[in-house]
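Asker: Here's the letter readout for the chains.
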Amino acid sequence: MAGRAATIARRTFLVGAGVLGGGLLVGAGVGAALVKRRLSTLGEYKLPSSPGEVSFGAWLIIDRDGNVSVAVPHQEMGQGIHSLAVLLAAEGLRLPADRVKAIPAPEAWRFVNPVIMKAQLPLDPHSESQIQAAALWTVDKLFRISGYQATGASTSTRNIAEQIRICAAVTLDMLTRAAASRFDAAPDLLEISNGSIAMSDGRHATYAELAEDASKLSPREVALPPLGTGAYSGKGIARADVPPKTLGLARYGIDAREQGQLFAAIRHSPRLGGKLLRAKLPEGQPGIRGIVEGEDYFAVVAENFSTAVAALDKADVQWRQDVGLSISTSDVFKSYRAALNADVKFPSRWIVDSKGTTTRPSDSIELANGSSKRKVVSATYEAPYLAHTTMEPMNATALVTDTSCKVWAGHQSPTVAKLLAARAAGLKFGAVELVTPYLGGGFGRRFDLDYVAKAVEIAKHFKNTPVQTIWTREEDIRNDFYRPAAMADLHGELDEAGSLVSLVYKIATPSLADQLVKRIFPAARGGLMADKNAADGALFPIYDTPNRSVETFIVDPGVPVGTWRSVGHSLNCFFMESFVDELATAAGIQPLVYRARLLEGKTGNNSRRASTLIERLVKYDAENPPPSASPGVKIGRGFSIAACFNSFVAQAADVEIKANDIRVSKVFVVADCGFAIDPPNVTAQLRSAVNYGLSAALFGRIDLENGRVVQKNFDTYPALTLANAPRITVEIVTSNAELGGVGELGTPGIAPAVANAIFAATGKRLRTLPFDLSMAS
Amino acid sequence: MGTEVALNGHKTVFESPAPTALLWALRDELRLVGTKFGCGAGICGACTVIVDGQQQRSCQTSLGDVEGKSIRTIEGLSSEIGKVVTDAWIKAAVPQCGYCQPGFVMAATSVIEANPTQSVEEVISQLTNICRCGTYDAIREAIADVLATLKKRF
Chain A
1407 MAGRAATIAR RTFLVGAGVL GGGLLVGAGV GAALVKRRLS TLGEYKLPSS
1457 PGEVSFGAWL IIDRDGNVSV AVPHQEMGQG IHSLAVLLAA EGLRLPADRV
1507 KAIPAPEAWR FVNPVIMKAQ LPLDPHSESQ IQAAALWTVD KLFRISGYQA
1557 TGASTSTRNI AEQIRICAAV TLDMLTRAAA SRFDAAPDLL EISNGSIAMS
1607 DGRHATYAEL AEDASKLSPR EVALPPLGTG AYSGKGIARA DVPPKTLGLA
1657 RYGIDAREQG QLFAAIRHSP RLGGKLLRAK LPEGQPGIRG IVEGEDYFAV
1707 VAENFSTAVA ALDKADVQWR QDVGLSISTS DVFKSYRAAL NADVKFPSRW
1757 IVDSKGTTTR PSDSIELANG SSKRKVVSAT YEAPYLAHTT MEPMNATALV
1807 TDTSCKVWAG HQSPTVAKLL AARAAGLKFG AVELVTPYLG GGFGRRFDLD
1857 YVAKAVEIAK HFKNTPVQTI WTREEDIRND FYRPAAMADL HGELDEAGSL
1907 VSLVYKIATP SLADQLVKRI FPAARGGLMA DKNAADGALF PIYDTPNRSV
1957 ETFIVDPGVP VGTWRSVGHS LNCFFMESFV DELATAAGIQ PLVYRARLLE
2007 GKTGNNSRRA STLIERLVKY DAENPPPSAS PGVKIGRGFS IAACFNSFVA
2057 QAADVEIKAN DIRVSKVFVV ADCGFAIDPP NVTAQLRSAV NYGLSAALFG
2107 RIDLENGRVV QKNFDTYPAL TLANAPRITV EIVTSNAELG GVGELGTPGI
2157 APAVANAIFA ATGKRLRTLP FDLSMAS
Chain B
19 MGTEVALNGH KTVFESPAPT ALLWALRDEL RLVGTKFGCG AGICGACTVI
69 VDGQQQRSCQ TSLGDVEGKS IRTIEGLSSE IGKVVTDAWI KAAVPQCGYC
119 QPGFVMAATS VIEANPTQSV EEVISQLTNI CRCGTYDAIR EAIADVLATL
169 KKRF
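So the protein sequences, as listed, match chains A and B.
Every letter in the first sequence is one number past the one before it in the numbering used here, and letter 55, counting from 1, is 1461.
Every letter in the second sequence is one number past the one before it in the numbering used here, and letter 88, counting from 1, is 106.
These are calculated hints, taken from the structure and not from any lab test.
The reader is advised that the hints may include incorrect statements.
[As the list claims (entries may be wrong)] Simulated DEER-style distance windows between Cβ atoms:
#1 A:THR2140 <-> B:LYS29: 54 to 62 Å
#2 B:GLY71 <-> A:ARG2069: 27 to 35 Å
#3 A:ALA1514 <-> B:LYS29: 48 to 56 Å
#4 B:GLN78 <-> A:LYS2064: 25 to 33 Å
#5 B:PHE172 <-> A:SER1810: 53 to 61 Å
Predicted model only: the values in this text are computed from it and were never measured.
No residue lacks a Cβ here, since even glycine has one placed at the ideal position from N, Cα and C.
Okay, chain A solo, but in the shape it has when bound:
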């Protein structure tokens, strides 16, 4: 304990006053931790409130009924972040959860998300290096200045949980002291219950009555009750958005219906990267208000959407012939193959992790054929481009005047949404007002705010009139920022005992960070540093191979790419965890036993957390054996483990195979996110992420033919349904480590668990996605 307290004091000293969040403090269950109340920060920014309401710090408002609003700087896209904020505020203020509601945080610098930027750095999240802590502190400061708010990378809870808990604890203390003063009593004689503070003689005052006096007191150091000791953390609350979403009352961007609103249907260049030459519509079409010619699209604007969309095909359109991609899918993979073959000579090769001595695969094969007793396991893996297909297609509503721009749209960053809207409108950042409804899915697609920019460009042609631009599902699938395709060469060497003594891991894929930055800042130079996204999942592996080299070969065929649920992990976890099973097979060792062996000898908290999950899988496997095969049906079970988003997760997937038909019947997920603040919601998110990854693993592929995307709707880009969704059971492990992310946690491990199950059932190793047994030899 003393060591831990010293660490807190030193870190607080390092970061100083004026910094909040970043998950630096111990998460939970270490007893009541003394929190150095950040005096100056509570006074620094005050949440704006209306007359009759009193705000406390950056996060809380008490209204005249004693009900509370908690500011949330993250968008609600199904992950439950609004509910999480309500839970922590209610618990901290000792109020019933239904007396607290989430409100959007103002777009002030105070609400930046430095966690998401720190996650981009190629630094081991579990390292205890002081130099790394200093680097993270620097990045934290820089990004606070930037004012960058964003929702994604499973960072929202880590960004706000501690800040809200501290604010609530300090506020409750101020209310208590105000009551003590009012009743001229010692604070410990007071009883706090249901929004009221009472004396034993019956005198009491509500939070509403105390709020004004309380807000005049100086905030002071308080004990922060550990997670799990209050009313809701570790148990959960009913999400307030569930009833309106069930009853059709929840509004999304596409549901904006402003006075006089027009509707626009947009059509993009059929070739990726193409540009418009001209688009014209015959005059006098009923209901049509006009046609807008954009850079790489045109849009028909009408009084209603069905009129607009029907007119798209009637437009006389010409696209420029000299611009745009002409490649096909096979060209992409050929360029990856060439890059990997060029090996050390390839100019955009980055060694992102390196330890010990590895031999280049080509050399080591010669060695293995010689006198070396090592066994060589070599494999090439591939994965396709993937679309996001949020259930709500891309859309935005914009009202542009000469001096202002108002936008109604779901998004994953108000900062970037306003930046791009301002640019499109030709106005200053501050002239943009953004209204954010619920998102009908984010999954990383709504990080890229091209659809906001285009909606503003279109609305600019109809000033003073709100115009809603909707993308059809075809436009949505064909103009996505895809999960990058990739090819990887994995080369492992085993000693006589079957231990992995050397691993060379090479992945060819584009840099999505370069593309992301250039879309916001076109003048930015790319290729300046290694893109962690390309290696996530292979970088800082759970297994400590004594000799390893993880290398990214950056190849960008020009296809727009972006963040897709779990990003780089969706590629590298499939490659790595499938390969681990290949190693296990070569070593003649059962896959779970093999994984436990790969973790042997590693010390420290992380390997303990990983080992715990392996043990849970072993227990699950023993207690829940898969069913026996029946005539014509092959049965198999496969496993995977992953460390991502500061959390750990392991899965067991059961498959039933009839001829070439693959059905995943059951999935068991065991996850350690430090402490599950809302376990039912954590369970829901894990199930969601597993199904999202499984849908892609079974059906997902985006192909190109001469620069055009082949797939177009859910007929050619199918999604998982009730008919083929597995039953997913979840177990949550509480390690009381630092909080980890949950939203994407379930996605990376399902593809390898299923691949390993398919191998167990059939002896066929599928190294490419989506799974297709008819292609396997």
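Starting from the known structure of chain A, arrange chain B on it as the hints suggest.
Answerer: Same frame as chain A, now just chain B:
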């Protein structure tokens, strides 16, 4: 002129032309935005309404197709079974992003109203809606809850 229907129990006349898809007539003419646009191809089910007791994809249904018929949308879901369904949905905390859920609720309600004594698997086999948040485990739980509740009542 116009297309006359019984919408959520009230006589309603749509002014939009007869070939207009019911989905857009609901959303844009009547501003009833509970019924959602997801694919426009009749595959995802986000646009599901109930027409004369049957689940129907309103993006594939023209106003001409529903002339004189009874249409129920999520806004008007007030039947006994509809209430059991939404109560069960809320209890199982089914929605995450929630965009597909009105379509699912309408589809489930129509299937169960047609035969409240079906099994969970029989009901599930008639629900082909897509949920990109993958809420399928919670949906199964909600449907089991609905059928158990109805079994006690009937």
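Asker: If a hint holds in the structure, say so; if it doesn't, say that too.
Answerer: Do the hints match the structure? See the list:
no., hint, result
1, A:THR2140 <-> B:LYS29: 54 to 62 Å, "holds (58 Å)"
2, B:GLY71 <-> A:ARG2069: 27 to 35 Å, "holds (32 Å)"
3, A:ALA1514 <-> B:LYS29: 48 to 56 Å, "holds (51 Å)"
4, B:GLN78 <-> A:LYS2064: 25 to 33 Å, "holds (32 Å)"
5, B:PHE172 <-> A:SER1810: 53 to 61 Å, "holds (58 Å)"
Every hint from the earlier list agrees with this structure, and none is contradicted.
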